[in-house]
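Trainee: Quick note on our numbering: the sequence shown kicks off at 1 and runs consecutively.
Have a look at the derived ranges for each label pair, beta carbon to beta carbon: (1) Lys46 with Pro25: 27 to 33 Å; (2) Gly89 with Gly53: 30 to 36 Å; (3) Ala90 with Gly53: 24 to 30 Å; (4) Asn23 with Leu98: 28 to 34 Å; (5) Glu114 with Glu47: 28 to 34 Å; (6) Trp74 with Glu114: 24 to 30 Å; (7) Glu110 with Asn51: 30 to 36 Å; (8) Gly53 with Thr19: 18 to 24 Å.
Pairs of lysine-lysine, DSSO-like flavour, derived with a Cα cap of 30 Å: (9) Lys31 with Lys52; (10) Lys46 with Lys31; (11) Lys46 with Lys102.
These are computed hints drawn from the structure, not numbers from a lab.
Glycine included, C-beta positions come from ideal geometry on N, C-alpha and C.
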Amino acid sequence: MNIYISHSRSFDFKKELYTPILNSPLASQHKFILPHAESDMPFTSKELLMNKGCDLIIAEVSYPATGQGIELGWANLLNIPIVCIYQDGATPSPSLALVSSKMMMYTSTENMIEDITGLLRNYE
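Work out the full structure, taking the sequences as your base and the hints as a guide.
Mentor: Next up, the structure:
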């Protein structure tokens, strides 16, 4: 399964999001598309989404981001499933419920990986 990871750039996403995913067993079971793993240059997600380059979007929505909202809007129009995850204590935008099939709160990076692992069982 090709899974696009959408997120804000307002936090240390490489340490808090990318590294836990890449160090988990999930990385050998699925292809994760990490838009800013190699470079901080803008990533053209529209092409990826339009060409059916992903099967699922996992959106880390603890921090608001206009670009992420645009990505999620495109994905919604293209009927790509979107699951939103957010840190305990964050207040994600209520409008995310309009495009997301599931909202999941996590308390730690370990808990985040456990939740994503359980979630992906439903999409296999």
